[in-house]
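Fit chain B to the given chain A structure using the hints.
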Amino acid sequence: MATTQAGIVPRPDQAGVTPLLEVEDLHVEFRTRDGVAKAVNGVSYTLHEGETLAVLGESGSGKSVTAQAIMGILDSPPGFVTGGAVRFRGQDLLALPDDERRAYRGRSISMIFQDALSALNPVFPVGWQIAEMFRVHEGLSKKDARKRAIELMEQVRIPAARERVGDYPHQFSGGMRQRIMIAMAIALDPDVLIADEPTTALDVTVQAQIMQLLADLQRDRNMGLILIAHDLGVVADVADKIEVMYSGRIMEQAPVHDIYAAPAHPYTKGLLESIPRVDLKGQELSAIKGLPPNLTNIPAGCEFRPRCPYAREICKEQRPPLAEVVPGRFSACHFAQEVLEGDIEPVQQ
Amino acid sequence: MGRYVARRLLQMIPVVIGTTFIIYALVWALPGDPFAGRCGARPCPAAYVAEMTDKYNLDDPLPIAYLQYFGNLLTGDFGETFQGLSVGEELLRAYPTTVRLALVAIAFEILIGIGAGILAGLRRGSFLDNLVLVSTLVVVSIPVFVIGSVLQLFLGMRWGIFPATVGGDASLYNLILPGFVLAALSLAYVARLTRTSLAENRRADYVRTAVAKGMPQRRVIGIHAMRNSLIPVITFIGADFGALLGGAIVTEGIFNVPGVGNLIFRSITARDGVMVTGAVTVLVLVFLLVNLLVDLVYGWLDPRISHG
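Chain order of the listed sequences is A and B. According to numbering that gives the first Met the number 0, numbering within the first sequence proceeds without interruption in unit steps and concludes at 348. According to numbering that gives the first Met the number 0, numbering within the second sequence proceeds without interruption in unit steps and concludes at 307.
No lab work stands behind these hints, which were simulated from the structure alone. Worth double-checking, as some hints may not be accurate.
To be verified - To give an idea of the interface, some chain B residues facing chain A are shown, with a C-beta separation under 10 angstroms as derived from the structure:
| id | residue |
| --- | --- |
| 1 | 207 |
| 2 | 212 |
| 3 | 214 |
| 4 | 218 |
| 5 | 227 |
| 6 | 301 |
| 7 | 303 |
Said to hold, decoys possible - With the C-beta cut set under 7 angstroms, the calculated list includes, among others, these residues of chain B facing chain A:
| id | residue |
| --- | --- |
| 8 | 205 |
| 9 | 213 |
| 10 | 302 |
| 11 | 305 |
Cβ coordinates follow ideal geometry from the N, Cα and C atoms, glycine included.
Isolated chain A, as found in the complex (with noise of 0.2 angstroms):
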């Protein structure tokens, strides 16, 4: 790596560099027997070598659904990419034939899900599983293939990796699981690493170390992390930017620090009151009130405004778009400026 022969190499700045991941204007729907759920609403962002971008959000935001778009897994049908770009080092992943897009899974771009037991084929060994990669992507012997997952599941941390090269998914504890599920992605030192609640079904200790692992493991190979969680706590120290979706779009982006400091939108604002915090112990926890909208019949104007308690005339009738709010922040919400700086009343209901 650079960094080794140069000593300190300053990040370069990145407004001149190709981003290693870059989505944009992206738009996914499922064709539902109940009608057309649009999943996916314009989503844009990048991602540069060595960040960790958190995606959140709630269930249903949309924010699985653009990861799996990048990959090209989704479930089609009845899901589709109707419009936008996906670019890895500048080139469209979507306008690739099947084939050559196959080539970018796994070795550029590879992904972890959320619930390692069932997102490992329980009847293979988790070792043959790992060894598949180099079996099939670099035409290893079955032997060194072997070998190899060893190593990857030292790297990973698993105990006595050389006696559990044999055993199956179902023999190992869920933390275990998601380590095996984390050294199958980083196999073949990918780029971009795409985790998609890779935490959410553990215990919270097991979380801090798999969240440890992860942020190790792409500090270590410099790969680019996109971090899907719907828990502002799990990403906080990880994270260098977040974007926060609602109803498939996009509703602010910021480096985490200032976010975490000062929301520029109602809706990051709830989910950060929502946050059960150690001084604010006895009193009521504050959440957000209703239900996401139905993405087969999304409400005009704001997306969030049913529940938005600074609601105003506007925003019945004008969707507000992702804009700049201070240098570096967006968010999408007419009173941004307003909501960052705490300059707004809620509307009494």
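Relative to the frame of chain A, chain B by itself:
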């Protein structure tokens, strides 16, 4: 594993005793005189009746007679028919034919059943899928003797594509038509089972993982989805093989296959209780053993099943 097999074998003992006793009791409890019509138009001579009564312990109470019979079984002696034929030898003669017929039928189930199931499962809702669904439904709805007679009439006699009857020469080629008829019902079931299982597994998370790993499509389906989809199918085919080894009375009858089914049918009509009891005892044993084998294979196919 060894302990599991031992336990299963021990469990077979009461099953075998129970089934053989029920069969023995039922066969000898059938109404009517076992000697009626045995000796042509005249009643049997008293000496013959006395000898036969003694030979088959007919005067003893049922449990005693059964115990004597079962004791002989344990030494491998299946007894003799009224005509003095050795039951063991008759079974040995008939069994290879039935095994061959069962193998032909299983081959059809695997080739056509799994094949059609895969094609249908990969393209759900397509013309092919509907064709498989409708044709299997038709096959399931028609009684075996109708399918058998119709195929025999057209493929065997009218068009002469396959031999219409088997007779003494039970070669694999001669067994194609009866084998297919025997397989028809299970074949339809195998096709549907494969289809559902594959269609379901294609949506599984681990299949999505395989795609995300950059595996080629044929590997995703052919290895990751297929291996899991075939677990219930292979289990079913195995159990069906056990049932097929029991002989097929109707199919063997239609095509005149000299197998166990035919033997049992003839023995029942001839009121040959010894033969029926012996044959059925063997069938029970074979069925139990094949089932044990299927369970072992199942544990091997699906590592989540443990035979602890």
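Do the hints match the structure? See the list:
{"no.": "1", "hint": "207", "result": "5 angstroms, holds"}
{"no.": "2", "hint": "212", "result": "5 angstroms, holds"}
{"no.": "3", "hint": "214", "result": "6 angstroms, holds"}
{"no.": "4", "hint": "218", "result": "7 angstroms, holds"}
{"no.": "5", "hint": "227", "result": "6 angstroms, holds"}
{"no.": "6", "hint": "301", "result": "6 angstroms, holds"}
{"no.": "7", "hint": "303", "result": "5 angstroms, holds"}
{"no.": "8", "hint": "205", "result": "4 angstroms, holds"}
{"no.": "9", "hint": "213", "result": "3 angstroms, holds"}
{"no.": "10", "hint": "302", "result": "5 angstroms, holds"}
{"no.": "11", "hint": "305", "result": "10 angstroms, violated"}
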